[in-house]
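**Student:** Residue strings, one per chain:
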Amino acid sequence: MTITATRPLTRERAAGRPPRRRARWPLAALLAVLSLLTVAPFLAMFVVALSPAGRPTLPAQWPESLTLDNLTAVLSASGFVEWTVNSIVYSVVSVVIILLTASMAGYAFAKKRFPGRDAMFWTFLATMMVPFQATLIPTFVLVNSLDGVDTFWGLIVPTLANSQAVFLMRQFIMGLPDELFDAAKVDGASELRVYLTIVVPLTKPIMATLGVFVFLWHWNDFLWPLVVGQSDATRTLTVGLAGLRTEEMQLTMLMSSATISVIPCLLVFFLLQRYLVNSIAMTGFK
Amino acid sequence: MRHRLRDPVTGLLFVLPVLVLFLIFRIFPSLGAVGMSLTNWNVSGDWSLIGADNYARLFEDVNFWRSLRVTLVYAAVYVPLTLVVALGTALLLNRVVFMRGLFRGMLFLPYVTSFVLAGVLWRWIYEFDGLINGLIGKLDLGPVAFLEEASLVLPALAVVSVWKGFGYSMLILLAGLKSIPASYLEAATVDGAGSWQKFRRITLPLLKPTLFFVLIIETISAFQVFDTIYVMTGGGPARASYTLIYGIYDHGFRFFDFGYAATWGVVLFAIVLVVSLIQRRFLDRGNT
Chain A
1 MTITATRPLT RERAAGRPPR RRARWPLAAL LAVLSLLTVA PFLAMFVVAL SPAGRPTLPA
61 QWPESLTLDN LTAVLSASGF VEWTVNSIVY SVVSVVIILL TASMAGYAFA KKRFPGRDAM
121 FWTFLATMMV PFQATLIPTF VLVNSLDGVD TFWGLIVPTL ANSQAVFLMR QFIMGLPDEL
181 FDAAKVDGAS ELRVYLTIVV PLTKPIMATL GVFVFLWHWN DFLWPLVVGQ SDATRTLTVG
241 LAGLRTEEMQ LTMLMSSATI SVIPCLLVFF LLQRYLVNSI AMTGFK
Chain B
1 MRHRLRDPVT GLLFVLPVLV LFLIFRIFPS LGAVGMSLTN WNVSGDWSLI GADNYARLFE
61 DVNFWRSLRV TLVYAAVYVP LTLVVALGTA LLLNRVVFMR GLFRGMLFLP YVTSFVLAGV
121 LWRWIYEFDG LINGLIGKLD LGPVAFLEEA SLVLPALAVV SVWKGFGYSM LILLAGLKSI
181 PASYLEAATV DGAGSWQKFR RITLPLLKPT LFFVLIIETI SAFQVFDTIY VMTGGGPARA
241 SYTLIYGIYD HGFRFFDFGY AATWGVVLFA IVLVVSLIQR RFLDRGNT
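For the protein sequence lines, the chains are A and B, in the order given. For the first sequence, the positions run 1 to 286 when this note's numbering is used. For the second sequence, the positions run 1 to 288 when this note's numbering is used.
Please note that the accuracy of each hint is not assured.
Claimed, not checked - Label-pair restraints from in silico Cβ distances:
hint, chain 1, residue 1, chain 2, residue 2, range
1, A, Trp122, B, Val73, 27 to 37 Å
2, A, Trp122, B, Leu16, 32 to 42 Å
3, A, Met174, B, Val73, 40 to 50 Å
4, A, Trp122, B, Arg200, 33 to 43 Å
What the hints assert, rightly or not - Okay, derived cross-link-like pairs now, DSS-like style, lysine-lysine, Cα gap no bigger than 27 Å in a straight line:
hint, chain 1, residue 1, chain 2, residue 2
5, B, Lys178, A, Lys286
6, B, Lys198, B, Lys178
7, A, Lys112, A, Lys185
8, A, Lys112, A, Lys204
9, A, Lys286, B, Lys208
10, B, Lys138, B, Lys178
No wet-lab data here; the hints were simulated from the structure. Keep in mind the model is a prediction, meaning the values are calculated, not measured. In this text, a Cβ means the ideal position worked out from N, Cα and C, and glycines have one as well.
Modelling step: build the complete structure from the supplied sequences, incorporating the hints.
**Tutor:** Okay, here's the thing in structure tokens:
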């Protein structure tokens, strides 16, 4: 261990100075303060959401008691539950279809030979360079001409063309040994069987990661749902939340709505944090 | 031999769903954006070709130049700020062992939430009776109208985006820091290098590729800011936070001037492309 070998040396050099261990405490304290500042807006949101309605609260003063009344009131208000259901549909359906189509395409791009494969793949990647906002207007006009505005398919289908997902699946499947696929074919397995019994089980970890990201992208998505979801029937939670103003509702209600909207993100965060952190570090996924 | 012959068809079949989706909803609209920018397409769906008129109008549009300036100023505040915060927290996380997992999680938490939520929370934080004015009020300062002051609104919005997004760059930079061999730093310590010298001479040069990656990603996201502006300022006060994307949205969905809005989109794409190409050139030069 090089560390133990060099330690006595550095001790000698640093003679007269305080040991390095103690020198790190100010850094830990700084890190603690920055971490607390980062989560402070969430803590303030929770406190206000749980404060009794109609009384002055943060920042003027801390609430004297806490209550769940605001949260239950928000959940019984018209629209809010509908928006939540719409957000769930938008996110879950997108996750399922993107995982399915991206893993199929990723498998073909990684392990199949067919005419135009590489040209097609690089075209997919090139579309990543075009920001979605630059194509917002033509995409909307297209969906509008197909009567897709204010429908679920109009909300969901245009967001399913996800080049990051295809790219990630392809890179992962390329790393799987060819022998697996050859052996299955020698045994006479059909293509569908190869996909179901080899590709799907072996890509489970990357599918889980991708699924989490796609869920968060869609749950947090705003611009496309804003222009397509024009009535409560298809409006998502982010769009609904963006329309709530303190001029029309009490701050306690607004913060309760915000709290409910962030619960799925927090669940994903607490259950899968290690997963998220590792995959960002490894893949640069955003 | 037989399965090799079957491959072209099955390969295409597996790609087919994605291919159809991309052709219809990515590639066609990308070309369509250029096409629409040459028309006077409006809400009724009527259109005729008007050549480069939209571009001539755009380049004479005071609001376009103003929005370009707003976007550049915003990026000039956001990008350095987010790099400093992300690098600072990554360096701290790399040094501190005590409760590292907890702190990393807390710093990363805003990243998993939405920009709309960030906008709702910070709109309240910045208000006259919000958290910040409540705190500085106790020091007999303020109140400060962060979102109503033309000179303060862009830095105020940039701070919100930094808070919401720095966790991503922090994780990327932390992974970059972890890949620097400990023996380099130990050797420097043995040679008597101080913390600053080690950072300046070893950590920073070896972290350069990672820093450039983060720089490109964050610059592009600076050009795409929209959600927080929609929630917090609506482009105001007096268009002081009216960015390029806000212009696309405004012309498309408030004035329903689709042809002209598409033109803003094409120009946005051109600008993002040029900026990332310039940065990539610097990146290549930095590596050789």
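**Student:** All the hints need checking, so say for each whether the structure fits it.
**Tutor:** Cross-check of the supplied hints:
{"no.": "1", "hint": "A:Trp122 x B:Val73: 27 to 37 Å", "verdict": "holds, 35 Å"}
{"no.": "2", "hint": "A:Trp122 x B:Leu16: 32 to 42 Å", "verdict": "violated, 18 Å"}
{"no.": "3", "hint": "A:Met174 x B:Val73: 40 to 50 Å", "verdict": "holds, 43 Å"}
{"no.": "4", "hint": "A:Trp122 x B:Arg200: 33 to 43 Å", "verdict": "holds, 40 Å"}
{"no.": "5", "hint": "B:Lys178 x A:Lys286", "verdict": "holds, 20 Å"}
{"no.": "6", "hint": "B:Lys198 x B:Lys178", "verdict": "holds, 15 Å"}
{"no.": "7", "hint": "A:Lys112 x A:Lys185", "verdict": "holds, 13 Å"}
{"no.": "8", "hint": "A:Lys112 x A:Lys204", "verdict": "holds, 20 Å"}
{"no.": "9", "hint": "A:Lys286 x B:Lys208", "verdict": "holds, 20 Å"}
{"no.": "10", "hint": "B:Lys138 x B:Lys178", "verdict": "violated, 43 Å"}
Hints 2, 10 from the list above are not met by this structure, while the remaining hints are.
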